[in-house]
Amino acid sequence: MADTSVQTDSRNHEMIRLVEARKIYTMGRQEVRALAGVTITFLKGSFWAIMGPSGSGKSTMMNILGCLDRLTDGQYYFDGRDISTLGDDALSELRLRRLGFIFQSFNLIPQLTVQKNIELPLYYLGWEDEDSAARARVLAEEVGLADRLQHRPTELSGGQMQRVAIARALANDPQIIFADEPTGNLDTKTGLQILELLQKLHGEGKTIIMVTHEPDIASYAQIQLHMRDGLVERIDGQEGL
Amino acid sequence: MKQTRLMRNIYLGVENLLLHKLRSFLTMLGIVFGVGSVVAMLSVGEGASKEALDQIRKLGSNNIIISSVKSVEEESASNVRTHMSIYGLTYEDFRRISESFKDVQKTAPVKIIRKESRLGERMLELRVVGTTATWFELVPRAVIAGRVLTALDVEKNSPVAILTEFGARKLLATENTIGQTLQIGGDRFEIVGIVQSESGEAGNIQIPDQQVDAYIPIEVARKYFGDIFTRRSSGSFEREKVELHQVILQIDSVDHVEPTAAAVETMLERFHDKKDYRISVPLALLRQAEATKRRFNIVLGSIAGISLLVGGIGIMNIMLASVTERTREIGIRRAIGAKRRQIIYQFLIETVVLSTTGGLIGLGLGVLIPFLITIISGMATVLTLWGILLPLLISMMVGILFGLYPAIHAAKVDPIVALRHE
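So the sequences go chain by chain: C and G.
Sequential numbering from 1 applies to the first sequence in my numbering.
Sequential numbering from 1001 applies to the second sequence in my numbering.
I should point out that these hints are in silico values taken from the structure, not numbers from a laboratory.
Note that this is a predicted model, so its numbers are computed, not measured.
Cβ coordinates follow ideal geometry from the N, Cα and C atoms, glycine included.
Take the hints with a grain of salt, since some may be wrong.
[Unchecked claim] Each pair of labels, with its calculated beta carbon distance range:
1) C:E130 to G:I1313: 35 to 45 Å
2) G:L1360 to C:P53: 37 to 47 Å
3) C:D73 to G:R1008: 39 to 49 Å
[Said to hold, decoys possible] According to the in silico footprint, chain C covers these stretches of chain G (three or more CB under 8 Å from chain C):
4) 1288-1296
5) 1347-1361
[As the list claims (entries may be wrong)] List of simulated lysine to any residue pairs, SDA-like, C-alpha gap at most 20 Å:
6) G:K1339 to C:Y124
7) G:K1339 to C:A146
8) G:K1339 to C:Y25
9) G:K1339 to C:E93
10) G:K1412 to C:A90
11) G:K1339 to C:R98
12) G:K1412 to C:D88
13) G:K1339 to C:P215
14) G:K1339 to C:L86
15) G:K1156 to G:R1141
16) G:K1412 to C:H13
17) G:K1339 to C:W127
18) G:K1339 to C:A36
19) G:K1021 to C:P110
20) G:K1339 to C:R70
21) G:K1412 to C:Y25
22) G:K1021 to C:T85
23) G:K1339 to C:D89
24) G:K1339 to C:S84
25) G:K1339 to C:D173
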């Protein structure tokens, strides 16, 4: 009995679980095993850094976890639910309601103002104009850009653009934030500010999964996941949990 | 809520299109000219056919007009110097037609005489029509001054004349001229009225009163001027004997017009050994004109279709380029959680906004051009609601039709590839 209760408990804490996850691409005639059978559990409220040399499968891992891509084989449990067989629309819905993304190259839409960029997820969520404008203001304040709402992304510095991207990633109040080399295009100082912001979000209970190849950056995360040849090579920092 | 969302989407579409003003404008041009030319052509065509139909209606859709024509044999024989051509409808024909058909309600004979005439100091050749009072019932024209022929005039063979507007203008006659004496040939007539005249042609028949200057009672015309006319042409005399130049019949109902026309023809065939008459049925012409109009519309429709097709392809081309250019944007939207159909919707709205705006500008152009044509050439143009709505509707459809492929193309963009796209 005790055993079952512990299991239920751990399932409640579990955010993502991959079971024998495989992703195989065919490039020309060659098969590339980007994920070669990964089994791993990400707990709610944890802060992960996925590391590894290029070709190790960390980008594929990120795309799979972020529901941008589907497994060739294996299971993906999101919040206890198997989503490996979901269709495109259902995955879009999942990204819309539960996930937030931050990219190395910021990926703001250049023709939209800062405010409209932040409002983008809310637009797809079907929010009313006034509500999403109010939310955009709050978020901009949170990342320290309240005075830049009407600017275009091109008028901002790299650090500011990344903060807009973070505000946008937070607009839908996601459970998980995916950060793909979030400091890659920034100088050290602004990079640190972004990392501090991510730590703050982690402190507020968000699950954060970050891809990076720099150990310095990865050290800001709780857990470092090292990948090689489509497999988990080593996990550091999990013991403390 | 639904409404405001659509409005917002349209607003976003407009914003996106305004980012590339010149490109959007150039893209629209195909539709602008397509819709513009369709609207303009439709309204000019509608105007022209309305004019033709009006003219035919003026002839009276219940009427049959029988005219005397020189037969082919006579035409060649008249080259002989001393020959006298005898042809056309006779008084006997008129009597027979008036009495034999139960569906014929009214008949009016027409005898045309060209005579040197004089009013006061002015002297010129007039075309004078000898007819009866019934003429004015069959070819109703407004009276400007005085009166028209009466049955009494005809019965009593009164030497009276009614001027048409044409005649009055030629003779410089005014209302005050009524009561004065008009000399036709060697005989004196009292001017008793002036009537309005209609101009123009209807199909291939002339309006009966076209180029008529004056009317006189038919018996007077016959007695004073006889049936033989001499015309001097290129040094030789041409002599013709024609009793009646035209007979106009009014039939009791539209349904009986064509059968009666056939019956009249059969009868005339029996009494004329040459075909020296022609039967015109305005109703048949009306039908013909309507058929022509339909054909004209089909041709216009095809031209419109082709120009809109070309315009649509232009739009599709630019939208495909735009999709490629905005691959990254599509990727971002998809990563954030936009569904495929929302991407389709976004691009489709842009295309429809583009094509409909083009359609509206084209409509403006298409309304302006006929307006200018009317001002400059005086040609009648008619703008129908149908002629405005249809091209607009079609331009919207073109947007949807040619926007669909680029939009679907956009929705197929893989977000992972798109996010890496530079």
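Verification of the supplied hints:
no.: 1; hint: C:E130 to G:I1313: 35 to 45 Å; in the structure: holds, 42 Å
no.: 2; hint: G:L1360 to C:P53: 37 to 47 Å; in the structure: violated, 58 Å
no.: 3; hint: C:D73 to G:R1008: 39 to 49 Å; in the structure: holds, 42 Å
no.: 4; hint: 1288-1296; in the structure: violated (count 0)
no.: 5; hint: 1347-1361; in the structure: violated (count 0)
no.: 6; hint: G:K1339 to C:Y124; in the structure: holds, 9 Å
no.: 7; hint: G:K1339 to C:A146; in the structure: violated, 30 Å
no.: 8; hint: G:K1339 to C:Y25; in the structure: violated, 24 Å
no.: 9; hint: G:K1339 to C:E93; in the structure: holds, 8 Å
no.: 10; hint: G:K1412 to C:A90; in the structure: holds, 16 Å
no.: 11; hint: G:K1339 to C:R98; in the structure: holds, 15 Å
no.: 12; hint: G:K1412 to C:D88; in the structure: holds, 11 Å
no.: 13; hint: G:K1339 to C:P215; in the structure: violated, 36 Å
no.: 14; hint: G:K1339 to C:L86; in the structure: holds, 14 Å
no.: 15; hint: G:K1156 to G:R1141; in the structure: violated, 24 Å
no.: 16; hint: G:K1412 to C:H13; in the structure: violated, 36 Å
no.: 17; hint: G:K1339 to C:W127; in the structure: holds, 16 Å
no.: 18; hint: G:K1339 to C:A36; in the structure: violated, 29 Å
no.: 19; hint: G:K1021 to C:P110; in the structure: holds, 17 Å
no.: 20; hint: G:K1339 to C:R70; in the structure: holds, 16 Å
no.: 21; hint: G:K1412 to C:Y25; in the structure: holds, 18 Å
no.: 22; hint: G:K1021 to C:T85; in the structure: violated, 44 Å
no.: 23; hint: G:K1339 to C:D89; in the structure: holds, 6 Å
no.: 24; hint: G:K1339 to C:S84; in the structure: holds, 18 Å
no.: 25; hint: G:K1339 to C:D173; in the structure: holds, 19 Å
Comparing the model with each numbered hint stated earlier shows that hints 2, 4, 5, 7, 8, 13, 15, 16, 18, 22 do not hold.
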